[in-house]
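Working from the sequences, and respecting the hints, build out all of it.
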Amino acid sequence: MKYMFLLYAPERPRPEPGTAEGDEMFRAYSAAVGAMAQAGVLIDCAPLEPVSSATTVRVRNGETMLTDGPAAEIKEWLGGYTLVECADLDEALKWAATIPAARDASVEVRPVIKVERQP
1 MKYMFLLYAP ERPRPEPGTA EGDEMFRAYS AAVGAMAQAG VLIDCAPLEP
51 VSSATTVRVR NGETMLTDGP AAEIKEWLGG YTLVECADLD EALKWAATIP
101 AARDASVEVR PVIKVERQP
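The sequence shown begins at 1 in my numbering and counts up by one.
Hints in this document: simulated from the structure, not taken from any laboratory.
Please read these numbers as outputs of a predicted model, since none were measured by experiment.
Check the hints yourself; a few may be wrong.
Below, a list of computed lysine-lysine pairs in the DSSO-like style, where the Cα atoms sit at most 30 Å apart [what the hints assert, rightly or not]:
1) Lys114 with Lys2
2) Lys75 with Lys94
3) Lys94 with Lys114
4) Lys75 with Lys2
5) Lys94 with Lys2
Shown next, in the form of structure tokens:
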């Protein structure tokens, strides 16, 4: 079954590459993602641009409305995702715990609904 790991954290500047903090963050994420890839569970992953770059789209009564910023005002923002395929939720939770965001922010684990493609 596929599981989506949604990485949430308070919005803060990302550590710059080439700094000790930035290099350590890169190494930690690379190790976690590399282990998932080697185990054959990783499908995709990516960080997201800061929440300030978001645009929210709503269509009401046929009218498209655009709003700068995220869809909701919350304290933690979606900062990235990881998509995996695991045997069950227990396996997915074990992999989610290896993601560095689980140590200083949060990782939400959600099953992905399997949609049968229509011809």
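* **Ascending list of hint numbers which this structure does not respect** => Going through the list in order, the structure violates no hint and respects every one.
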